[in-house]
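Engineer: Sequences listed follow chains A and B, in order. Quick note: the first sequence, position 260, residue 260 per this note's numbering, numbers continuous. Quick note: the second sequence, position 138, residue 138 per this note's numbering, numbers continuous.
Because the hints were derived from the structure by calculation, they are not lab data. Nothing here was measured: the structure is a model prediction, and the numbers come from that model. Take the hints with a grain of salt, since some may be wrong.
Within a straight-line C-alpha distance of at most 25 Å, the following computed SDA-like cross-link-like pairs (lysine to any residue) qualify [unchecked claim]:
| # | chain 1 | residue 1 | chain 2 | residue 2 |
| --- | --- | --- | --- | --- |
| 1 | B | K240 | A | N345 |
| 2 | B | K240 | A | H205 |
| 3 | B | K162 | A | G311 |
| 4 | B | K240 | A | L357 |
| 5 | A | K240 | B | D238 |
| 6 | B | K240 | A | R346 |
| 7 | B | K240 | A | P353 |
| 8 | A | K240 | B | A244 |
| 9 | A | K240 | B | S210 |
| 10 | A | K240 | B | K162 |
| 11 | A | K162 | A | E41 |
There are 2 protein chains.
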Amino acid sequence: MSHISPLDYARENRERFLDELKELLRIPSISTLSEHREDMERAARFLRDRLSAIGFEAETIAGHGHPLVYGQWLNAPGRPTVLLYGHYDVQPVDPIDLWQTPPFEPDVRDDNIYARGAADDKGQTMTFLHAAESLLHGEGRLPLNLKIIIEGEEECGGAAIKAYVSEHGGRLAADVVQVADSGMYAPGIPTIETGLRGIVYTEIHAQGASHDLHSGLYGGVGPNPLNALAWVIADLKDRKGHIAIPGFYDDVQRPADDVLASWRKLPFDLDAYRAQVGARDLVGMQEFSPLERTWSRPTLDVHGISGGFTGEGAKTVIPAEATAKVSMRLVPDQRAEKVFELFRNRVLELTPPGIDLRVRLIHGDDPVLVPERGPFIDAARQALQQTFGRPAVLARSGGSIPIVGVFKETLGLNTVLMGWGLPDDNLHAPNEKFSLENFYLGIDATVRFWQAVGALAEQGAT
Amino acid sequence: MSHISPLDYARENRERFLDELKELLRIPSISTLSEHREDMERAARFLRDRLSAIGFEAETIAGHGHPLVYGQWLNAPGRPTVLLYGHYDVQPVDPIDLWQTPPFEPDVRDDNIYARGAADDKGQTMTFLHAAESLLHGEGRLPLNLKIIIEGEEECGGAAIKAYVSEHGGRLAADVVQVADSGMYAPGIPTIETGLRGIVYTEIHAQGASHDLHSGLYGGVGPNPLNALAWVIADLKDRKGHIAIPGFYDDVQRPADDVLASWRKLPFDLDAYRAQVGARDLVGMQEFSPLERTWSRPTLDVHGISGGFTGEGAKTVIPAEATAKVSMRLVPDQRAEKVFELFRNRVLELTPPGIDLRVRLIHGDDPVLVPERGPFIDAARQALQQTFGRPAVLARSGGSIPIVGVFKETLGLNTVLMGWGLPDDNLHAPNEKFSLENFYLGIDATVRFWQAVGALAEQGAT
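Put together the whole structure using the sequences plus the hints.
Structural biologist: What follows is the structure in structure tokens.
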């Protein structure tokens with residue numbers, strides 16, 4: 001078997017790698033919608049089969065909601081073991097009419113691939129498989145041991161993987177976790193993320209009358225659950241972004257001064273950032289910088305309100321019930337369980353006349369911080385420097401990757417969070433995309449990172 | 001041709017009358033949804049054909065939105081002419097899963113007929129046709145002249161009939177209008193309505209960012225149009241029911257003392273009323289009685305809020321845009337045009353940071369009062385007393401029948417509003433019904449009313 005450099009192998013196989021990604025992107029694996037259950041299984045089988053094909057022992061694991069995919073290659077005794085994490089489920093696609101091309105028909109335009117899940121997280125997950133194949137098929141072996149677990153519920157709470165990790169922690173034992181479900185601070189700036197916000201995602205259900213009412217006949221005496229939700233939601237956060245839930249801010253820790261100083265040194269162009277958000281004005285608490293607001297301050301957002309009539313034209317209904325989806329993003333040291341209790345109590349206190357409110361937790365995850373120093377972070381910095389030709393920055397993300405906290409608490413493992421997404425990738429929105437340049441650079445950086453981690457054993461550094 | 005009493009004819013034909021109503025109820029003539037355009041035309045043709053069959057000159061009139069149906073029988077020279085009004089369009093049916101039987105498959109249970117439009121207004125409109133048939137086929141003639149106009153846009157603003165009335169007023173010349181699109185104060189209590197609230201139905205559109213945002217990445221800086229609508233809506237009406245729009249109450253007239261005194265004499269059981277509303281507590285301004293609140297006080301209700309994600313599970317989206325449907329009910333002497341301006345200005349003043357608001361009028365109609373005395377009202381009282389065996393009460397309705405104001409302003413005609421609906425008919429809601437007893441009593445009362453009006457000519461009273 002003739003050997004070629006893994007990076008050369010990766011370059012020569014770019015087109016096939018892209019075809020494989022497209023094949024995965026064509027599967028509409030929306031985890032939150034039950035009609036896609038069969039698609040979830042198809043996506044899991046696809047990944048298992050690809051892992052087997054490149055030389056991993058691989059299986060799908062049913063039994064906890066959507067299947068998990070697990071694979072391992074453990075033929076490097078004495079070398080470190082990295083546990084890889086990705087997810088194959090994607091967000092819903094509505095509003096569908098705003099997509100320029102159908103969300104599950106991947107389309108390459110301007111050196112980007114457009115599809116739901118392109119960046120979050122199918123494209124990034126596939127960089128693991130392509131990097132491993134490049135090493136295995138290029139050199140015939142990996143420079144370290146790899147375990148990989150890919151879940152199908154990242155977008156809907158992640159119950160299955162949490163249960164699996166707590167029940168089968170031994171099988172997942174490793175030296176460090178690597179997650180490619182994050183992004184780069186800006187195009188061309190390789191990034192290691194050191195903090196993630198947590199989340200509490202809730203539903204407030206408002207019940208008014210026992211049946212829908214005609215607003216002519218009963219408007220003025222009949223309780224309106226939509227007006228009620230407006231009062232409650234308006235009272236939870238003011239127009240300046242302050243969240244009016246007693247105790248909510250008690251555990252919020254401001255980042256250390258040197259961390260804040262490092263953020264101030266990051267290149268930041270307010271106009272460009274506003275353009276990226278697509279908003280004339282940035283909202284929220286103006287006493288904090290935009291990066292602080294999204295990285296280290298909690299927030300509260302409404303995601304949708306159902307009930308009543310939203311079709312074209314007019315219907316003069318006072319609906320019997322209405323529901324709002326409301327989430328909060330949490331920062332260290334807030335805890336999801338405690339915040340949900342504070343939230344629920346406050347909502348119930350705000351109950352308007354004639355209305356019954358119920359508050360339900362859909363999912364909750366704690367925020368997480370990862371150490372900014374250590375041999376694995378150093379290996380990642382080295383790989384990123386070599387691949388991108390400039391030093392990596394340490395940043396945080398306002399998003400949540402709940403499993404990072406679970407790996408820390410259950411397995412005692414820190415995580416290296418380096419990802420290839422860009423701020424304008426339209427995650428969770430129409431026209432999600434993934435940069436093809438970053439796709440290929442991500443494969444290269446991952447190859448280099450594993451080579452550097454493998455070399456740590458010889459240095460005795462792990 | 002052997003003559004029989006019109007009331008006997010009506011009794012003998014009850015089953016066929018019910019079958020005809022069912023045939024009309026099977027047509028899903030939802031005016032506000034454009035996919036039902038063909039159903040609208042079918043319903044109009046059905047009514048035209050029935051009018052022709054019983055001896056009217058009849059036609060459908062296209063050209064102004066959904067077709068109008070017009071019919072006339074003018075062979076009683078020297079007798080008064082009554083202009084009849086009804087509508088064949090119905091409200092949408094959502095939430096469809098709360099219907100016990102499908103909304104367009106009429107089902108008779110417990111002496112009620114259940115279907116969308118049963119009471120509002122197909123069942124009531126058909127009483128005109130059945131009363132006219134009973135007189136024409138029973139006695140061979142009508143005791144007066146009748147014109148009838150039936151519109152297909154009552155539930156969506158009524159543009160077509162308003163245009164027709166203003167362009168073809170002469171053709172509709174009459175002595176009085178009769179509308180059967182109202183209800184009885186309570187079961188067994190025949191009712192003449194003397195006041196109707198007006199309406200201003202609006203849409204508030206909130207635009208945040210130019211594209212949907214991920215609440216993790218941008219929560220805290222990205223403007224959220226759903227939170228924005230909550231702030232705006234919460235500020236438009238407080239929890240006690242007071243509408244916080246400057247100038248809104250300026251033109252509101254409290255009813256005269258004798259009118260309020262007559263309302264206090266109406267039988268009113270608060271517990272029964274609460275049960276009818278289906279609410280534990282009645283809301284609104286407690287300094288006014290429930291009847292005052294619904295008959296003579298304005299109100300503001302949200303009917304639906306679209307935007308973002310309302311499916312099962314969780315989607316962490318900050319939508320780019322969201323829309324709320326908000327209506328106000330108006331009372332004498334408020335004017336729709338003025339109130340809309342006040343509303344729009346207030347909404348724009350309330351614009352939250354980072355958000356652009358647009359306010360659109362969907363339709364507006366002024367409130368209306370009709371005189372409580374006169375020969376036609378007396379004829380109606382006499383017919384109701386004979387039919388129901390007890391005196392009619394004078395009441396108002398919180399609902400709007402915009403055309404009543406148009407007939408007054410454009411044709412100078414007052415309206416006799418007597419209808420056969422009941423408070424628990426579930427208008428605009430799932431499981432709409434119409435009492436079969438009231439259907440048949442309504443036919444009888446209409447026959448007697450026309451006989452009494454015909455007799456007015458001989459008394460020289462018109």
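Engineer: Next, verify each hint and record whether it holds.
Structural biologist: Hints, verified against the model:
no., hint, result
1, B/K240 / A/N345, "22 Å, holds"
2, B/K240 / A/H205, "21 Å, holds"
3, B/K162 / A/G311, "24 Å, holds"
4, B/K240 / A/L357, "18 Å, holds"
5, A/K240 / B/D238, "21 Å, holds"
6, B/K240 / A/R346, "20 Å, holds"
7, B/K240 / A/P353, "8 Å, holds"
8, A/K240 / B/A244, "21 Å, holds"
9, A/K240 / B/S210, "21 Å, holds"
10, A/K240 / B/K162, "46 Å, violated"
11, A/K162 / A/E41, "19 Å, holds"
Checked against the numbered hints above, the structure violates only hint 10.
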